[in-house]
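Number of protein chains: 4
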Amino acid sequence: MDINGVQIEDTFAEAFPIKMARVQITAATERWALEAAREATGFGTSVIGCPAEAGIERVVGGEETPDGRPGVNIMICNMGYKNLETSLLFRLGQCVLTAPTTAAWSGMPDAEKKFDTGKKLKFFGDGYEKQAQMYGRTVWKIPLMSGDFVIEESFGAVDGIAGGNFLIMGQNQMAALTAAEVAVNAISKLKGTITPFPGGVVSSGSKVGSKYKFLKASTNTAFCTSLREDGVCTLAEDVSAVYEIVINGVSKEAISTAMKAGINAACRVPGILKITAANYEGKLGTHQFPLHVVLE
Amino acid sequence: MDINGVQIEDTFAEAFPIKMARVQITAATERWALEAAREATGFGTSVIGCPAEAGIERVVGGEETPDGRPGVNIMICNMGYKNLETSLLFRLGQCVLTAPTTAAWSGMPDAEKKFDTGKKLKFFGDGYEKQAQMYGRTVWKIPLMSGDFVIEESFGAVDGIAGGNFLIMGQNQMAALTAAEVAVNAISKLKGTITPFPGGVVSSGSKVGSKYKFLKASTNTAFCTSLREDGVCTLAEDVSAVYEIVINGVSKEAISTAMKAGINAACRVPGILKITAANYEGKLGTHQFPLHVVLE
Amino acid sequence: MDINGVQIEDTFAEAFPIKMARVQITAATERWALEAAREATGFGTSVIGCPAEAGIERVVGGEETPDGRPGVNIMICNMGYKNLETSLLFRLGQCVLTAPTTAAWSGMPDAEKKFDTGKKLKFFGDGYEKQAQMYGRTVWKIPLMSGDFVIEESFGAVDGIAGGNFLIMGQNQMAALTAAEVAVNAISKLKGTITPFPGGVVSSGSKVGSKYKFLKASTNTAFCTSLREDGVCTLAEDVSAVYEIVINGVSKEAISTAMKAGINAACRVPGILKITAANYEGKLGTHQFPLHVVLE
Amino acid sequence: MDINGVQIEDTFAEAFPIKMARVQITAATERWALEAAREATGFGTSVIGCPAEAGIERVVGGEETPDGRPGVNIMICNMGYKNLETSLLFRLGQCVLTAPTTAAWSGMPDAEKKFDTGKKLKFFGDGYEKQAQMYGRTVWKIPLMSGDFVIEESFGAVDGIAGGNFLIMGQNQMAALTAAEVAVNAISKLKGTITPFPGGVVSSGSKVGSKYKFLKASTNTAFCTSLREDGVCTLAEDVSAVYEIVINGVSKEAISTAMKAGINAACRVPGILKITAANYEGKLGTHQFPLHVVLE
Chain A
764 MDINGVQIED
774 TFAEAFPIKM
784 ARVQITAATE
794 RWALEAAREA
804 TGFGTSVIGC
814 PAEAGIERVV
824 GGEETPDGRP
834 GVNIMICNMG
844 YKNLETSLLF
854 RLGQCVLTAP
864 TTAAWSGMPD
874 AEKKFDTGKK
884 LKFFGDGYEK
894 QAQMYGRTVW
904 KIPLMSGDFV
914 IEESFGAVDG
924 IAGGNFLIMG
934 QNQMAALTAA
944 EVAVNAISKL
954 KGTITPFPGG
964 VVSSGSKVGS
974 KYKFLKASTN
984 TAFCTSLRED
994 GVCTLAEDVS
1004 AVYEIVINGV
1014 SKEAISTAMK
1024 AGINAACRVP
1034 GILKITAANY
1044 EGKLGTHQFP
1054 LHVVLE
Chain B
764 MDINGVQIED
774 TFAEAFPIKM
784 ARVQITAATE
794 RWALEAAREA
804 TGFGTSVIGC
814 PAEAGIERVV
824 GGEETPDGRP
834 GVNIMICNMG
844 YKNLETSLLF
854 RLGQCVLTAP
864 TTAAWSGMPD
874 AEKKFDTGKK
884 LKFFGDGYEK
894 QAQMYGRTVW
904 KIPLMSGDFV
914 IEESFGAVDG
924 IAGGNFLIMG
934 QNQMAALTAA
944 EVAVNAISKL
954 KGTITPFPGG
964 VVSSGSKVGS
974 KYKFLKASTN
984 TAFCTSLRED
994 GVCTLAEDVS
1004 AVYEIVINGV
1014 SKEAISTAMK
1024 AGINAACRVP
1034 GILKITAANY
1044 EGKLGTHQFP
1054 LHVVLE
Chain C
764 MDINGVQIED
774 TFAEAFPIKM
784 ARVQITAATE
794 RWALEAAREA
804 TGFGTSVIGC
814 PAEAGIERVV
824 GGEETPDGRP
834 GVNIMICNMG
844 YKNLETSLLF
854 RLGQCVLTAP
864 TTAAWSGMPD
874 AEKKFDTGKK
884 LKFFGDGYEK
894 QAQMYGRTVW
904 KIPLMSGDFV
914 IEESFGAVDG
924 IAGGNFLIMG
934 QNQMAALTAA
944 EVAVNAISKL
954 KGTITPFPGG
964 VVSSGSKVGS
974 KYKFLKASTN
984 TAFCTSLRED
994 GVCTLAEDVS
1004 AVYEIVINGV
1014 SKEAISTAMK
1024 AGINAACRVP
1034 GILKITAANY
1044 EGKLGTHQFP
1054 LHVVLE
Chain D
764 MDINGVQIED
774 TFAEAFPIKM
784 ARVQITAATE
794 RWALEAAREA
804 TGFGTSVIGC
814 PAEAGIERVV
824 GGEETPDGRP
834 GVNIMICNMG
844 YKNLETSLLF
854 RLGQCVLTAP
864 TTAAWSGMPD
874 AEKKFDTGKK
884 LKFFGDGYEK
894 QAQMYGRTVW
904 KIPLMSGDFV
914 IEESFGAVDG
924 IAGGNFLIMG
934 QNQMAALTAA
944 EVAVNAISKL
954 KGTITPFPGG
964 VVSSGSKVGS
974 KYKFLKASTN
984 TAFCTSLRED
994 GVCTLAEDVS
1004 AVYEIVINGV
1014 SKEAISTAMK
1024 AGINAACRVP
1034 GILKITAANY
1044 EGKLGTHQFP
1054 LHVVLE
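Going down the list, the sequences are from chains A, B, C and D. For the first sequence, the working numbering assigns the number 764 to the initial residue and increments by one for each residue that follows. For the second sequence, the working numbering assigns the number 764 to the initial residue and increments by one for each residue that follows. For the third sequence, the working numbering assigns the number 764 to the initial residue and increments by one for each residue that follows. For the fourth sequence, the working numbering assigns the number 764 to the initial residue and increments by one for each residue that follows.
By construction, these hints were calculated from the structure, which means they are not laboratory data. One or more of the hints may lead you astray.
As the list claims (entries may be wrong) - Simulated pairs of lysine to aspartate or glutamate, EDC-like, Cα-Cα distance not exceeding 16 Å:
no., chain 1, residue 1, chain 2, residue 2
1, C, Lys893, D, Glu992
2, D, Lys952, B, Glu827
3, B, Lys882, B, Glu916
Whenever a hint applies, use it, and build me the whole structure from the sequences.
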C-alpha cells in the first residue's frame, strides 16, 4: 500500500486505555482562550513523567460555546479517575481561573462520570462566590479583580484511549519534521483527539524496558539513525530521521480518523519515504490500529 | 507621582525568595525552540498549586547560544533546591528531550549550585549515550530516532526572587487587559525575569488567608469590582477592572528593571487610571519594591 | 433592538458593486500558504488608493484543495474586470509564484468570467513550461529552482459587493478595538467574505466629499471624538472611540451572514455601547444592508 | 571555504542602487503595529511587477520610538525618488492611517532627502487637522473616529542597495526551505535591511532576459532541478532544491552583515549542501558582495 508514492507499512499502532476530560475554555478573545489553554495543557506530554497528558483539541467559535464567546477545547488525561480529578482541580484552578477574561465549561456535559471541580474551586471566592444558572448550566461565579470568573459546577469525563500513533520516516530531519508539522496541523482541526507532545511531535520514540533495570522505557534503538555503525539501527539506508505522532482520543473512531488525516497530510510532503507505527507485542496496551485498515 | 497622566500609588510590591534555574533550549528553528519552551514551562503559574513556577525569559539568536542555533531561555523556579532538581529532571526529560531538534544547555553555567540533570537523563540512551565536549561544555549525546539529543551534563541554579508585581487599574476590562499585554511584551525583551502566569497576566489577585480555614489564599475582595454593592470593594468608582503582573527574577535589579519597563509601557495605553502594587504586611515575603523608587 | 445589552441602531450599511476573484493558494505547510496569502493581499485596503482590495477569506484544509495540501483562500477585488485581470497577473506573478512550495488554483472554477492568468505567467518558464491536467484542472507547470510551480490556466471571477460594514462604538479605544478584533475573527471563519483593511479593522471611517475640492473622501467628522469641543462630533457623551469593519463579499447573503456573525461577537465584549452602520444617502452605492434585517 | 561542513562557493552577489525610506509605525500594541506593517509592505516583492519593494526591518520596543509605544520599522524602496514619494503617500495613507491606534514617524529623520508625506495626508482631516510639536518632531494630528492619527510632517529617504542575495542548496525542498526560514529569522533581528519576498524567501530565482523577447527576466533554468533530463540543469546530483534570500539595505555594510548572519544560520540546518550567490555578469547592478569577503 502507498499514498502519493509513500509506502505504508502493514503494521499497527498499539494503544492503551486512559481516562479523559474535555474542558471548554472561553475568553473575550480567541488569543486569550489560547493563552489559558496552553498554560493549562503544558508539562503534559506523557504520564511517565508528567502529572497528566494534556493538549489542545481544537479552537471553537462562539456558535459552539455556551456563552457565545470564542473558545478552545482542551483535553486532560490520566491513568485513573482519581488522578484525573486532581489534574482538573489544579490545572483549572492555577491556569484557567488565573487567566484573564476566561470561563471554564464542561466539554462533556452528558458524561456519566462527573467531578465537582467548580464546586471545589469556588472557595477561592472567600464566601462571596455565588451559584447560578447560565446557558442551561449550573455554574459558580467567583469574584475576581477584573470581574467574575464563571466555572461550571461539575465536569464530565470518559474512558478514552492513549497512544494512538504513527511514525514518519524521512530522507532527512527537516523533511520528516515538516511532514510531522503538517500532520499535526491536519489533526488539530478534528474533534475528539489531542497530540500531547511538544508541538504535537515526538522526537524520542521509545521501546518498553531498558538495560537499566530502573527504567521502564528507553530510546527506540532500532530506529536510531546514529546507531548504524553499531549495527543496532534497522532502518533502511535512505532513511535518516523518524518522527512520531502520538494521539489520545475519546474513541477508536476519533483516533482512526485522526491517524488517517495525519498520514494523508504527511505523505504530501516531499522527502517522506515511509509511514509505520509503533507497537510493543501487547506489552503496552490492548488497542490496535492497523494502518491499512485505518487508511481504507 | 504620575506617568503619562496615570497615577502611581506610593506603595510597594512584596516578594519572597525562591530557587531558580535558567535553561537554554536551542533548536533547528526558533519556532521549535518556542514549542519546547512552552511545553516545558506550562502548568507553572504558582507553587501554590503547580509543581513549579516557570516561564519564557526571552528569545535569543544564534550569537547567544552555544551551538549557534536559535534559542529560547526559560526559567524554572521552586521553593527549595530539592524540588527544583525534580522539576528540572521531569520538565527537561518530558518536554525538551521529547521535542524535535532541541538541545538543552545550562543558562547559568557559572552558578555554584549545580544539578546533574543531563547525567540522569542520559540513561534514556539505553547504554548508547556518550559523553562529549561541545562548545566548551560537557554534554551527553543521547541517540534518538531523529538524531542525537544533546544535553549539558549539569545545570546551574541560583537564589532568586518571586512575586515582584504591579497592578493595573483600568476604566474597563479591555483597557486594563491591553495594558497588561503591553507590559508583558515590554518585560519579555529583558534579561533575568519571567512573568509565569498565563500570557504573563494574573486575573485572580489574592490576599493571604481566607474565611475558609483550609485555604492559604483567597480572592482579593477589596479589589473585586463586582463586590461594590456588598461594601467590600474599596476601588475608586471609575475603576472597573484590575489586572496584576507577577514577576520572578534573578535579582532585585532584574525585577526592578522589569517593573519599570512594564509600568512605563502600561501607562501609554488609553483608559488606564492608576498603577499600584500588592503587599501583605510582610506575611508573604521579605523583599520590598517601592514603586516610586523602582520608577526613578 | 439590542444584543447582550448593546443597542443596535435602526439603520443600514450602504455598499456598492465590485468585481472579485477567489484564488486558492496551497503550499507544503499552512504557514507558507499564509505567507504567500499575506504578501498577495497586502497594500489592498481600498481602491481609493490601492491597486486592488484584497484579503484572506479563510484557511482551508487539504480536504478542500485540489492537491490535498493545506491552503488559504484569498479574494482580490477591483472596480472593473480589466483592472482585476491586471491585479491577478501581478499579485499572483509577484507574490505567489515567488513564494516557496506554493501552487495557485482558481477558487471559482465554475464562474463564467475567466482570465487566462496562468497562461500568461507560464512564460516565466522560458520555454520549459508544460501544460498538464491535474486533479481535473488544466494547469501550467513552470520549472523553478525548488521544483515546479503549478498554476491553473484560467481563474474565474464574479460580480460581488464591496463596502458592507458596521461600526462599533465603545466606552474607550481598547474596548472598541478588542470588539473589532473579535468580530473580524468570527468573520474569518466564514465563506465568501473578506475584511480588507489592516487586521480587518478600519480606524479612519470617512464621509463622501471634503471641503478640499480635490478630495473624494475625508474623515467622518461627526464621529470624531476629538472634535467634541468644536461642536462637530455628534456621538453620545459616553462613546469615546469608534471602529468600523468593512466587508467585501460574493453575494448579499455572504455579507449579511458576516455582518451578523461579527456584530454578535462584538456585542459580547465588555465596554461596547452601540452598533451602527455607515451610509451615504445613496452617494456611494446601490446595496443596502439594514442592521435589524441582517440580525434577524 | 566551508561553514559547519557546508561549502561556500567563491562567487559574489550582484546588487543595484535603489532609493529607500524607513517608516517607524507605532501602535497601542506590538500586534497592531505588525498588522499595519504587514499591510503597508504587502504586494512589495520586486519592482519588476510590484509598485514598490517593501518589508519589515525589525520590531522595536518603546525605548526606540518617539512616543514610547511598541513599534515596527518598515522600509519602502523604489528605483527613483519620485516613485518612492508616491509609494509613501499611498502606502501610509491607505495602510497606516487606516490601521487602529497607529502613528507614523520618519525612521530617517536626519536624511537630506525629505518628502512632505504627512503634510499631504493631513487633508484627510477636512480642515480639522492641526500641526503640532511632539517628542521633538513636527507632526500633523488628523481627527479620526477612534482618536487622532499622528503622522510626522516629513519623511527622510536615502540611496540604498537592492538585490543583495545568497542561494541555499539543499538535499531536498524541506531542508532548503527550513534553512531559508532560519536565515530570514536571523536577518530579521538586524538593523538596516529587509528581505522583501514572501516570508523573506524567493522560490523563483531568475536570470536576466528570456527566449521570449517581451520578458526581461525568466526562470534560472540552470538551477531548475526538474530540467535535469533536458540537460539544462547544472546543479550537482545531490542537490534537489534551491532557495534564494534577497536583501535590500541602507548600505554595503548592512547588507554584508545580513548576508553573513543569514548564511551562518542556514549552515546549521541539516541537509544543506552548498551556499552560492546570484550574479549576472554586471547586467543587473554595480554592487558586488563576494561571499568569502562577507563571511570573513
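Contradicted hints - numbers only: none
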